[in-house]
Amino acid sequence: MATRGFTGRPPPAEARARLPPGQHEVKDFPILQIGPTPRIDLLRWRFVLYDRARPVKSWSWDQFDALPKTKWRGDIHCVTTWSKFDTLWEGVTVDDLLADATHGEPPTPYALAVSFDDYSTNVPAADLLGGRAMIATRYAGQPITPDHGGPARLLVPHLYFWKSAKWLRALRFTEADEPGFWEESGYHMRGDPWREQRFRGD
Numbered sequence: 001m002a003t004r005g006f007t008g009r010p011p012p013a014e015a016r017a018r019l020p021p022g023q024h025e026v027k028d029f030p031i032l033q034i035g036p037t038p039r040i041d042l043l044r045w046r047f048v049l050y051d052r053a054r055p056v057k058s059w060s061w062d063q064f065d066a067l068p069k070t071k072w073r074g075d076i077h078c079v080t081t082w083s084k085f086d087t088l089w090e091g092v093t094v095d096d097l098l099a100d101a102t103h104g105e106p107p108t109p110y111a112l113a114v115s116f117d118d119y120s121t122n123v124p125a126a127d128l129l130g131g132r133a134m135i136a137t138r139y140a141g142q143p144i145t146p147d148h149g150g151p152a153r154l155l156v157p158h159l160y161f162w163k164s165a166k167w168l169r170a171l172r173f174t175e176a177d178e179p180g181f182w183e184e185s186g187y188h189m190r191g192d193p194w195r196e197q198r199f200r201g202d
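Numbering (UniProt numbering), first residue to last: 1 to 202.
The hints are simulated quantities; they were obtained by calculation from the structure and are not laboratory data. Be aware that one or more of the hints could be misleading.
As the list claims (entries may be wrong) - What follows is a set of in silico ranges between Cβ atoms, one per label pair, in the way DEER data are often shown:
(1) ARG73 / SER185: 28 to 34 Å
(2) PRO21 / LEU42: 35 to 41 Å
(3) ALA15 / GLY141: 22 to 28 Å
(4) THR80 / GLU184: 15 to 21 Å
(5) ALA17 / ASP41: 39 to 45 Å
(6) ARG195 / ALA140: 24 to 30 Å
(7) ASP62 / PRO20: 36 to 42 Å
(8) ALA53 / PHE85: 39 to 45 Å
(9) PHE199 / PRO30: 18 to 24 Å
To be verified - EDC-like mimics (lysine to aspartate or glutamate), calculated; alpha carbons at most 20 Å apart, straight line:
(10) LYS57 / ASP100
(11) LYS69 / GLU105
(12) LYS57 / GLU175
(13) LYS71 / ASP86
(14) LYS57 / GLU25
(15) LYS27 / ASP147
(16) LYS27 / ASP75
(17) LYS57 / ASP95
(18) LYS27 / GLU14
(19) LYS69 / ASP100
(20) LYS71 / ASP118
(21) LYS71 / ASP96
(22) LYS84 / ASP192
(23) LYS27 / ASP100
(24) LYS69 / ASP86
(25) LYS69 / ASP95
Just so you know, even glycine gets a beta-carbon here, dropped at the ideal spot from N, CA and C.
Starting from the given sequences, assemble the full structure and let the hints guide the process.
Spelled out as structure tokens, the structure:
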């Protein structure tokens, strides 16, 4: 992951109020990832919800696409210091996913999001509930492009964007707070941008 440089005039007061510490606004949508973009066949796509090692339920693309949809508009913040305002997403909230699979209750206090490229990231279950997170399938009114994590990605916008795992294939609920890819390399276990939790110990 590369840090984008920033120079120029300070942002106006309204923008500053929306920027967490150490962040700057961008107008584009930077693409950051750890390897090549996977190309995923929707006919073979499956999403699986796990309770520890036990699969609870899986959905094909058509089954997943038939679940209730929610739209969310707001700001996103990357640990590499960029923030993008007024992004528009649509997808299935984790609340609705759990309601379809387990009658609405998370089985454990933590979760690990797992991607088709074997990327993973940990998220406390509390950060996924109450409409705070979704498995997004559309961005700005269009299907999410592969470079931005399509066909489906996790969206947890109140945390740094590395928690919003691209190319999501599973959500595994865990008893312990298991570190994912970047967390094992020293990134913060939670990643709250307003508390500037970029690295372990912040």
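Tested hints:
no.	hint	result
1	ARG73 / SER185: 28 to 34 Å	holds, 32 Å
2	PRO21 / LEU42: 35 to 41 Å	holds, 40 Å
3	ALA15 / GLY141: 22 to 28 Å	holds, 24 Å
4	THR80 / GLU184: 15 to 21 Å	holds, 18 Å
5	ALA17 / ASP41: 39 to 45 Å	holds, 44 Å
6	ARG195 / ALA140: 24 to 30 Å	holds, 29 Å
7	ASP62 / PRO20: 36 to 42 Å	holds, 38 Å
8	ALA53 / PHE85: 39 to 45 Å	holds, 40 Å
9	PHE199 / PRO30: 18 to 24 Å	holds, 20 Å
10	LYS57 / ASP100	holds, 9 Å
11	LYS69 / GLU105	holds, 19 Å
12	LYS57 / GLU175	holds, 18 Å
13	LYS71 / ASP86	holds, 12 Å
14	LYS57 / GLU25	violated, 39 Å
15	LYS27 / ASP147	holds, 17 Å
16	LYS27 / ASP75	holds, 12 Å
17	LYS57 / ASP95	holds, 14 Å
18	LYS27 / GLU14	holds, 16 Å
19	LYS69 / ASP100	holds, 13 Å
20	LYS71 / ASP118	violated, 27 Å
21	LYS71 / ASP96	holds, 13 Å
22	LYS84 / ASP192	holds, 16 Å
23	LYS27 / ASP100	violated, 37 Å
24	LYS69 / ASP86	holds, 19 Å
25	LYS69 / ASP95	holds, 11 Å
Checked against the numbered hints given earlier, this structure breaks hints 14, 20 and 23; the rest are met.
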